[in-house]
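Be aware that the sequence shown starts at 209, since it is given in our numbering, and climbs by one per residue.
Please note that a few of the clues may not be correct.
The calculated label-pair distances, taken between Cβ atoms and stated as ranges, are [said to hold, decoys possible]: (1) Trp716 with Asn677: 22 to 28 Å; (2) Trp563 with Tyr697: 41 to 47 Å; (3) Val726 with Gly539: 48 to 54 Å; (4) Lys434 with Glu546: 40 to 46 Å; (5) Ile730 with Ala602: 16 to 22 Å; (6) Arg675 with Lys458: 33 to 39 Å; (7) Val570 with Lys434: 45 to 51 Å.
If you're looking for bench data, these hints aren't it; they were derived computationally from the structure. Quantities reported herein were computed from a predicted structural model and do not represent experimental measurements. Even glycine gets a Cβ: it sits at the ideal position worked out from N, Cα and C.
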Amino acid sequence: MWPGSPATKSSFSLTAPDTRPPGGRAPYPSAVAMMPVHFGKNSLMNDSHQTSAPVGGKGAGPTMAGAKDSRPSANAVRLRANKLGVVAIAFFAIAAAAPMAAVVGASPVIFSASGPGTPVIYVIAALLVALFSVGYLRMSQHITNAGGFVAYIAKGLGNKWATGGAGIAILTYLSLQIGLWSQFGVFAQQLVESLTGIGLPVYFWIVVVMGLITFLTMKGVDASLKVLGVLILGETLVVAALVVSLIMQKGLGIFTFAGFTGENIFGPGLGISLLFAFACFTSFEATVVFAEEARNPRRTIPRAAYLVIAFIGVFYMLSTWAISGAVGIDGIQALASENPSGMIFDLAESSGGAWLSLAMQVLVVTSFIAMLLGLSNMFSRYLFALGRAGALPAQLSSVSATGAPAFAGLVNSLVVLAVISAFLLAGADPIATVFAWFVALGTAGFISILLLTSAAVLVYFARSGIRDNLWVTVIAPALSLLAFVVVGYLTLDNYDVLLGGAGGVARWLLLGIPLIFVAGLIRGKQKPAINYAAEIV
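Build out the structure end to end from the sequences listed, making use of the hints.
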């Protein structure tokens, strides 16, 4: 049913099943090809300031417990404050989005479903995220907490619902990391083998790079930012080089509006296209997760969030617009369906030469490294906040001398590695099973968290009496809640496509989301001292 590992050492590609949308349009590839690569011989800020806030670790106070005013004491364990500026926070979110890998991998999936309407699909996804951010970021003025969406759910719906949401968040981010690490291992193995002839196992690359990322996470944001800065710059420049080479070869006429028709945008492939496009924006939660470490978070966080949405939206829109126009609006859908793995690399070689194709192959792998580093930093702060709140063991709330959630970062990596090891030792295919199953589960979990957060924002403003702007406090949150109900339906309706058609046992994993949510509700009811919504200011 699923293609296994590449048959030759010089090529890695994923062949999708024929999942034709209604109406007989061209088939679109499965989620297994979401970030495909084809390796072959021819295819080829940190604003730092000294902090005045106490740092946790040996001298830190006890784990935060409930308090009447929801504020921890002055000695409560915390992350290092006044550390990050707008650009630094945006770096983490952009890195976790892996823009280079998404252009190479996710865009062929959307092209095959929506053809030349793909750039507009990305714009719609960006507008949807921006709509959600209106009320969400207004609410951020009242929350400064590394707990991300969970802290917002607590503020709006209460700690019991937040505990359920925390369970889904843990399942979501662990699942995404498990799937993406497995995919990274395959891509790294294929790249190195195609360039050097040295065939080391997938597990080797996972362990080595995970060790490096865990070290950087435990070291603190300074070390991670230096690495992310270089990697993100490289990704951006090489995609810009592709766009420029296409313009030089074909002219500015590639930016044509002719393909932006209702048939292409709102056709049978709209559901899967929106789902994959929206998945490219899932990292924007990272902006609020770093709130405790931000300088002047009430200004920094909204600016960073809108910067991330704008950068990612424009990046995807312009790059896919150029690709669509260069291939031709009449041929882009068929090409993406026939050759999703090699389409972008072949286009790079024909327009810019072999060096551009090779650079893109290398930077797809480094894009994964940046993404996994961003996710590691982000989720370690999530675990830290949940440990401090009392939802998880208090040891997770310890921080290093540099103010980093070091122990949480280590635990995160060990759990991810343990699950991957179990699957690989059992003989599971790292792409068709580990990647497909866990990324699909993580995507569904993320939509669930957004639904809860949207409801929390709406309820928060209704209960708080804040009515400074009806659009911000009522209309936008209500519309975003409705929009995510639709996205949730699309997720369930297209779940077999996310799985690549696997179905069966993989579909049963979806039950983990409601089960862990109910377990969280029960735990939240039994342990009222849990305090997610505390502000560290």
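Here is what the structure says about each hint:
no.: 1; hint: Trp716 with Asn677: 22 to 28 Å; in the structure: violated (44 Å)
no.: 2; hint: Trp563 with Tyr697: 41 to 47 Å; in the structure: holds (45 Å)
no.: 3; hint: Val726 with Gly539: 48 to 54 Å; in the structure: holds (49 Å)
no.: 4; hint: Lys434 with Glu546: 40 to 46 Å; in the structure: holds (41 Å)
no.: 5; hint: Ile730 with Ala602: 16 to 22 Å; in the structure: holds (21 Å)
no.: 6; hint: Arg675 with Lys458: 33 to 39 Å; in the structure: violated (52 Å)
no.: 7; hint: Val570 with Lys434: 45 to 51 Å; in the structure: violated (19 Å)
Hint violations for this structure: numbers 1, 6, 7, all remaining hints satisfied.
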